[in-house]
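Protein chains: 2
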Amino acid sequence: MIMKNNLLIVHGGGPTAVINSSLYGVITEALKSDRIDKIYGAIGGSEAILKEKFLDLSKTGKDKLDLLLATPGSAIGSSRYALEQKDYERMVDIFKRNNIKYVLFNGGNGTMDTCGRVSKICKGDDIYVVGIPKTIDNDISIIDHAPGYASAANFIAVTTAEIGQDVKSLPIHVCVIEAMGRNAGWITAASALARKNKKDAPHLIYLPERIFDEEEFLEDVKALYDELGGVVVAVSEGLKNKEGESIVPPIFKSDRAVYYGDVSSHLANLVVKRLGIKARNEKPGISGRASIALQSSVDREEAILVGAEAVKAVLEQNTGVMVAINRVLGDKYQIKTGLLPIEEVMLHERILPDEFINERGNDVTQEFIDWCKPLIGDKINTFISFKDIQ
Amino acid sequence: MIMKNNLLIVHGGGPTAVINSSLYGVITEALKSDRIDKIYGAIGGSEAILKEKFLDLSKTGKDKLDLLLATPGSAIGSSRYALEQKDYERMVDIFKRNNIKYVLFNGGNGTMDTCGRVSKICKGDDIYVVGIPKTIDNDISIIDHAPGYASAANFIAVTTAEIGQDVKSLPIHVCVIEAMGRNAGWITAASALARKNKKDAPHLIYLPERIFDEEEFLEDVKALYDELGGVVVAVSEGLKNKEGESIVPPIFKSDRAVYYGDVSSHLANLVVKRLGIKARNEKPGISGRASIALQSSVDREEAILVGAEAVKAVLEQNTGVMVAINRVLGDKYQIKTGLLPIEEVMLHERILPDEFINERGNDVTQEFIDWCKPLIGDKINTFISFKDIQ
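Protein chains in written order, with the numbering used here: chain A, 1 to 390; chain B, 1 to 390.
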């Protein structure tokens, strides 16, 4: 008789449009194995491990499983709970008590740190712990990209193209679009994929990897407004000045944190005040990581794949590793998965490399576009504008 | 031999997700008539009439025409140019010089005002002027609804449902979503269609039809946060206090206008400062009227229909009228088009009636939901949440 053990899947941090697709991959792959009994979901992130809030997902019907592919948020919840040393120490007992031999953590850099610590604590106890990468910010290092990013990239690209078409048809103002990504400009940069033709939106792109210079910004906006009438600017929520501080003055300080206003609103106001040009701001916010209509199909497939690969990895008794997505060099877009030691992943945060940003720091380069385009497929609609014919 | 004349179509004001679908309806219907020669698009709104910037659209191929159905913005441009009496007086000559006998204006209240004035100026000159309704705000009176509204309603409903799912999975903050509609709360109200179950987002809805009371708002948010952890609030950009002023203090005054900050940002800050609860704000902005993925198919079909009906109306020598959408009473959603004298339309701005708003002024009623639901079809996805099962 084959010894059966339980598997536990834990989600950490903010959701993406495809985190539930990875969960789908985990469940469907685990169901194939005769060595896995229950497929536990930790209901509410790593905090749920300590509370032993486990729900058996192995009896979920196919129709319900399919809903995971089109459900935003995290279907098993998540948390930002900061685990302490004493929390880690309790885990081996909890896993053993619940016959859990396989543990998967799906998340970004913070969750991978947790994953690495849990794997260390479990070493020698016949418990295997593997990470599944996930982040809209694309700031996990070493791997080519993480599931979640491509959908966020597709969202900002399509949204910018559509806003660009609107602004072009009634070109009387400057429109500043704010994208998520506080330290890394990957999402903001993807707005460039909106362009089909020269002079298409976005006309300017500002990233947190470069110091933001207000005077250069106003100069750039003014010149483009004089030429086009309608100007679309994509900015990261994390823009900083040369002192390394947010470009928005703090509006409120509490005991725990400093609160800043929106970067897009700040810049739109600046355009109105300093240039006397009508300006508005857009902040799609959470919808950029929750939109199912603008999910990237490449992203969804890859998310399912890394979930399945993580199950295979724990069954093969790997531990302390994360499933990686590596790009195969060649003309056609192709990826290969692999396993990376979690310590290597944790060494640094991944930001946009210099060769992806233009010299003036107000746009991306063709290299970035070539790198990013295959991730979103060919989702940008072709629009018609008789205005351009006239 | 049949006498052939030209038709002119003019777009006014801000675009909708289906204004180009009405243009599609105009062109395809006009192509059927042997009394219409050229189908002119005024390139850039009513201003283009004075500049005689007309582009013949009658030779547009079918493949290009089809693109209109999925193109946001206005494919022939638009304007917010304020016409003066002397501008109107020049128009009869311009129309005659260009052999234009049929004139269509597509727009909201402002454009219908223009349409009415042009029809008066042209009376007795064998020139026929008809209006096509269009507004995301749904503030055109008498008619059941205007093309453009249903897509904006669908956008906010789907987006709120998706944000709600995200917030529910990591319920640690209050999220304030801002919708367009400065004087009328129709779009904001449609966020209610996001709900499949009780306790689904949006948990609170604030409309410009009611005086906004800060203390009641904070009370409502606090109670819901204590119960749910994650609270989603939908607010109109036009919320006003009991003095009838914007609830956001003015941030900048120019010679021409007063600029206010974002209502959503203001309210999120208020939650942080006064309740000490983490809060964020979302302002999808223009994307709410430009999203093709979230276009309502009902809206698109109706937009095509009113465009075609307007062509029929001018060919039958109607003038000074607007195509109306009337709802046929009955169990099944059904509409009937008609023609309304423009003067009647212009009498008042349409706001949400009292029976569509609940007593506390923090939600809509079931009557509103029953009225609005057929317009967006059944576009809200069904999501799965294992969290709810636990």
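Bear in mind the hints are in silico, worked out from the structure with no lab data behind them. Bear in mind the structure is a predicted one, so any value in this text is a computation, not a measurement. Treat the hints with care, since some could be wrong.
Note that identical chains are pooled: a pair holds if it fits in a single copy or bridges any two copies.
What the hints assert, rightly or not - Straight-line alpha carbon distances no greater than 20 Å define the calculated EDC-like cross-link-like pairs of lysine to aspartate or glutamate that follow:
#: 1; residue 1: K86; residue 2: E52
#: 2; residue 1: K198; residue 2: D34
#: 3; residue 1: K51; residue 2: D388
#: 4; residue 1: K53; residue 2: D388
#: 5; residue 1: K123; residue 2: E343
Here is what the structure says about each hint:
{"no.": "1", "hint": "K86 with E52", "verdict": "within (16 Å within a copy, 78 Å between copies)"}
{"no.": "2", "hint": "K198 with D34", "verdict": "neither (56 Å within a copy, 40 Å between copies)"}
{"no.": "3", "hint": "K51 with D388", "verdict": "between (61 Å within a copy, 17 Å between copies)"}
{"no.": "4", "hint": "K53 with D388", "verdict": "between (59 Å within a copy, 13 Å between copies)"}
{"no.": "5", "hint": "K123 with E343", "verdict": "within (15 Å within a copy, 81 Å between copies)"}
Checked against the numbered hints listed earlier, the structure breaks hint 2 alone; every other hint is satisfied.
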